[in-house]
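Trainee: Note that the protein sequences, when read in sequence, are chains A and B.
Sequential numbering from 1 applies to the first sequence in the numbering used here.
Sequential numbering from 1001 applies to the second sequence in the numbering used here.
These are calculated hints, taken from the structure and not from any lab test.
A few of these clues could be false.
Stated by the list, open to error - Taking beta-carbon pairs under 7 Å as the criterion, some of the chain B residues facing chain A (in silico):
(1) ARG1322
(2) ASP1482
(3) VAL1603
(4) GLU1609
(5) ILE1611
Here a beta-carbon is modelled for each residue, glycine too, at the ideal position from N, C-alpha and C.
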Amino acid sequence: MAADLSSSYFQLFGLPRAFGIDAAQLDSRYRELQRIAHPDRYASAGDQERRLAMQQATRINEGYQTLKDPLKRGRYLLELGGFVFSDQHQTTRDPEFLMEQMELREALGAVKTAGDPLAMLAGLMDRIAADFAALTVELQSRFTGGDCGNPQAAAETLMKMQFFRRLQEEAQELEAALEDELT
Amino acid sequence: MALLQIAEPGESTAPHAHRLAAGIDLGTTNSLVASVRSGVADTLPDVDGRHLLPSVVRYPETGRPVVGAAALAAATEDPLNTIASVKRLMGRGVEDVKRLGTQLPYDFVPGASAMPLLRTVAGDVSPVEVSAEILRVLKARAEQTLGGELQGVVITVPAYFDEAQRQATKDAGRLAGLNVLRLLNEPTAAAVAYGLDKGSEGVIAIFDLGGGTFDISILRLNRGVFEVMATAGDSSLGGDDFDRLVAHWIMQEAGVADDAGHIQMRRLMQVARTAKEALTDQPVVDVRLERIDGTPWQGELTRERFEALIEPLLQKALSPCRRALRDAGIRTGDVEAVVMVGGSTRIPLVRRRVGEFFGREPLVDIDPDRVVAVGAAIQADILAGNKPEDEMLLLDVIPLSLGLETMGGLSEKIIPRNSTIPTARAQEFTTFKDGQTAMSLHVVQGERELVSDCRSLARFELRDIPPMVAGAARIRVTFQVDADGLLNVTAEEKGTGARSSIVVKPSYGLSDVEIERMLGDSLSHAREDMELRRLREEQVEADRVLEALRAALAMDADRILNAEERDVIEAAARDLAEARDGTDYRAIKAAIGAVEQASGDYVARRMNESIRKAMAGHRVDEFKS
Chain A
1 MAADLSSSYF QLFGLPRAFG IDAAQLDSRY RELQRIAHPD RYASAGDQER RLAMQQATRI
61 NEGYQTLKDP LKRGRYLLEL GGFVFSDQHQ TTRDPEFLME QMELREALGA VKTAGDPLAM
121 LAGLMDRIAA DFAALTVELQ SRFTGGDCGN PQAAAETLMK MQFFRRLQEE AQELEAALED
181 ELT
Chain B
1001 MALLQIAEPG ESTAPHAHRL AAGIDLGTTN SLVASVRSGV ADTLPDVDGR HLLPSVVRYP
1061 ETGRPVVGAA ALAAATEDPL NTIASVKRLM GRGVEDVKRL GTQLPYDFVP GASAMPLLRT
1121 VAGDVSPVEV SAEILRVLKA RAEQTLGGEL QGVVITVPAY FDEAQRQATK DAGRLAGLNV
1181 LRLLNEPTAA AVAYGLDKGS EGVIAIFDLG GGTFDISILR LNRGVFEVMA TAGDSSLGGD
1241 DFDRLVAHWI MQEAGVADDA GHIQMRRLMQ VARTAKEALT DQPVVDVRLE RIDGTPWQGE
1301 LTRERFEALI EPLLQKALSP CRRALRDAGI RTGDVEAVVM VGGSTRIPLV RRRVGEFFGR
1361 EPLVDIDPDR VVAVGAAIQA DILAGNKPED EMLLLDVIPL SLGLETMGGL SEKIIPRNST
1421 IPTARAQEFT TFKDGQTAMS LHVVQGEREL VSDCRSLARF ELRDIPPMVA GAARIRVTFQ
1481 VDADGLLNVT AEEKGTGARS SIVVKPSYGL SDVEIERMLG DSLSHAREDM ELRRLREEQV
1541 EADRVLEALR AALAMDADRI LNAEERDVIE AAARDLAEAR DGTDYRAIKA AIGAVEQASG
1601 DYVARRMNES IRKAMAGHRV DEFKS
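The following block holds chain B by itself, in its conformation from the complex (with noise of 0.2 Å):
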């Protein structure tokens, strides 16, 4: 319970201990983990020094995935077993992967949802398992840095990801065992590392183009808040389509088969990113590379090429550019610093061509690999409860509008592209046919017109709707998303107060039920082991409840509660306070549940009087002066 945060200033809450929490880049290439220690943030690096993960995982015929640099070594020698950018396929249907191609080198299966599975010689994964396994490594690392079990993390994800995938990340998460706190955009996340950094006021834009996807986002800093104004971006575009151009080029020069198989695909990839990076500091590059029949070829690289052969994907990039300062109502003058975020923004040519389009150098002092996850970090410590105090607070937007189909396959638009979140929005429907009981609603997202060329997000059925003539039936369908740009959908029937409530499950996500399931199968804990580990999580939230409740009643119970509401509160806590010396973890859950409910009315009175007083202090203010 966080009653305790809107403590009068000065009164002292109860200590607690320091909560671990970490902040995780799950990046198209690498991922990384950071945290809070000792007031500074920094990424955690593993037993042998290193910082960046390979974001690659390794199925072995027998025993547990392998995820990292030995994965990524095992690449080319067993393409079908390892999978590597799995970020592109996170809430991703069968067509997304067909128009992707030849780039994923992979045997695809269809899956339970719309996301298909990977075949492996471990049996079929899904990306959102796959990208499990490498949050587990770093739920490890950070665990075994920090010495003890992580409280909550925050992972980011790109700002241009869509709800299937941002859905799909979260379920990640929750696959991983990791309590996920929020989903934070990468480049807000950049923002906090850069801003806190240097204390910065005004407007700056974050260019973020990383392996695989690419994000511009405008925000206004302004004493701790960082308010994103828009964003835009392109979820396909990144480092791994240069490598693609380059391995293009070699093939075209060293005469390889447009059918090279994956083998081959694999090696020549690995040789352009190498060939790529290189010409970040120096002009040409020689390139080697055996063909199948084992015969070498070898060529030369120049800068010049390179950058012949990367310039129209740039060009493609500045679109979204100034779609973004479009939507923010800003000129490229008022920007008043440019940040560069990913790797992929090491390559000279990508440093000028902002540089030109901004008008101003962009800085590139923060490493454009670690800032995101110290960003990340940095709020994942915030919203742990370690600084009670900070007043650091970021408003996030949804990149792409949600819509529903509307009559002759077109979208029409509920909540409009880069509208602050949280956000709802609400819609009246009314029936077609007399009697109609039953109506069906499609949810997508994007910018176009025609419903085909949105991504659909969920389909459901209102059903129960009052037979009624024609017409005469009002429904109301609401669209609430949450701060990590989730969506949640209800509907009601206004005339006689029928409310149907759905969660929109994606089409790309995974039931409750399914994350269950293969948490059970993932885990080596035994039954009683989990059982025990159930107790303890529930005792310390009920601590925490019980705390925070006296903590708050003792403040203002007087002056907000009646007697009789107050007898209600604290039979429930002591209800609790029976319960959480039991050893039933199901029964204290009941009981936080109940007091959550008995003390109700009284947390949205506390809330409330919070935000009258705030603003009744202005209003003192303004009639003296």
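Extracted from the complex, chain A is given alone in its bound form (with noise of 0.2 Å):
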């Protein structure tokens, strides 16, 4: 016995196959499909019953977080349609978005010593979250529905945005331990 994991996240959240999605459509599609599924709705079920019950929902958290990211979620699609990623997708030769790469982990760098860290970090936290952005717009260009006709263009742009997410995650640990040290 198992939970129904052979269709496709949009599938299950009734949504059309597509790029662009309706985050709030999203929100609550989510809401009602645990509001079926979720374990507690089993709680004095049978074992088996509710192992299916956890499966299902683990599914539906897993649709949700794939779905609600743009990276997760142009990822999914070009995996539906059937590209595959190999290690060749995690570099470019793009020299100007090495050198901004570059640039950026150094300006990081400098954060602690600069004389007000937070501000030059928030700078830069702005600046990382507009590429970020902008990434997106060229990724969904990339898009026709849930169709890219360029896929190995949209994994590159997929890998930019990688580049992005971890620097964004490097400076909000920076930010933490600033603001513990300052405090």
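Each chain sits in its own coordinate frame; assemble them with the hints.
Mentor: The following block contains the structure:
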């Protein structure tokens, strides 16, 4: 016995397979699905049923996280389309992009010794967020609905987004450390 | 079986008796039990009208342990045999206990699990057993008040409790003979009590500072769905620590040496606590102490001085607040209400600092001591099946990342903190030697990079890997976290399909065998009583399974099952009905298992169908519009 795992996350959430997604609708579908499948609905059920509910609820959580995040959603759509990611999609030769990454990393490294570290960091985080948003728009333009005419190019955009995501996480860790230090 | 729970709206489900359920707040300092009666959730008092049960257990040389106020009263004269604040030891190892140092004046001895035992005149007891004593008293109180046996309970835990601490709490529940429906995070419980009371929508923060633990949770409320966005905290920060600071201040002022004995320390802690509580309403308090040599000491503690003492700890509490907001991806301005929970939030400085941090007055209108138990009671009532129409749903998260040890003693995160549960994540590993047939895995929890800075949850060995050249084996390890925040790990070799399933028995937990043994030890029931009790339990369960199955089959068997499938299920049901009228509880249990086995696919198809139907309704709407 198993939960129905054959359908795509788009089918599971009753949403059209497309990169553009209505966030509010996704949120409300998510809550509706969990109302049906969450293990708490089966608290006094038998072991087997509880296990099934847990599988379903797990998949709904997974699907929600995938569809909510443009990075994961883009990657998922390419995979649905049959694209296979490999190690070559982990690197880029785009010199402009590489220069900017280096520059941002250096700036992040210099935050601690800046006159007003939190202000400098806030500025950097805004810039990283703006760059990520611009790449999301670029990614969207590579899709027509859920289809992608040039998956190689889309994969490269995704890889760049991944770089910015990592920077964002590092910046947040740094912010947490600075705030704890300064207060 | 919950087949009935996905009944069509309007279709009547068979009426069933109200199931007795309760919510239990197992606190560091005090514990409470609450239940929903006539639609109202409230805490239940003991025969003397007291709602709070001091979480103190005294082990006398002979006779049953004493729990509550009487044990607390004996704490100063008999410190080694009177266990208080045992929650701080739940799921904790020898190293943690050392770190707590002189704070807990007990004799520790190593036990079979990583959790140390406490030496008392009545023998060595584990923190799980001590907690179970507290739970037994609350269970008895609830059963007396409600007039029947409890069908299930919800026990609350600090949101920031790790897997080992949760497992220990669940073990204590089982040991006390309780059917634990769920472990519920304390701030989430408070949000339920608060949110349902106010009918709130939007983002709220729950600031929960209890006797020994601190939690901050950010939740989004939307039409009965309580979605935890992020949680953070400190599982060893609370009112006890304020008491200790005051006690140290008294020691300095009164010239009491640092190596004060157990009795002196206990007495000091109580004087400190009384002074702390008095300062909530008055600006200055007289402190009196009899030194160990019998000479009296008297001093004055001002609120100002007290606030200066605890300020560093409050600053320490703000760091998790910032982290929770960051993880939730919001700013303080997005928080629409801040709710205060836990006795320590009565301290004026705590309210002031929280108010300043969030830029709004925190809400203190629900009794901070009782709100958690009340929320737990509301959920227990729903989980027991008393409100099939209720729309309330709690979506909680795991507080700390789960990871595996990799090369160089580093932790690789498998499931990040603040993931909504239940959740699962799989990771592939391979062998690094030719012909390697075993591999050991080390599961850790925590945010730090070094494994040595994280909590070690379990080590286990994967055996029977088919011998292959190095790197050829593909071992997929799956982490599954259930709705209680408890972890289960399974592993499978992908090439051959060789499956090795491991239940992670945390280093701090008890095995089923140990629980059974302790249950056997603790129950005064004669063996025959136990057998009868089991038989009755299995019969009730059998009736429930059969009733649910009949109702479901009547509703949609024609559509979902072919004749052959239906025959198989009905044959299993007939066998169960027959076993049910017998006297062998094992046979009934086996027959229930057989029915579940036979109807598994049917149940899965029903659930999948209900999900498809719910979403299909939307699709039609979309295309029309």
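Trainee: State for each hint whether it applies.
Mentor: Each hint tested on the structure:
1. At about 6 Å, the closest approach between the beta carbon of B:ARG1322 and any beta carbon in chain A falls short of 7 Å, and the interface hint on this residue holds.
2. With its C-beta approaching chain A no nearer than about 6 Å, B:ASP1482 sits inside the 7 Å limit, and its interface hint holds.
3. At about 6 Å, the closest approach between the beta carbon of B:VAL1603 and any beta carbon in chain A falls short of 7 Å, and the interface hint on this residue holds.
4. Of the supplied interface hints, the one on B:GLU1609 is violated, with its beta-carbon coming no nearer than about 9 Å to a beta-carbon of chain A, more than 7 Å.
5. Here the hint on B:ILE1611 is kept, as its CB sits about 6 Å from the closest CB of chain A, short of 7 Å.
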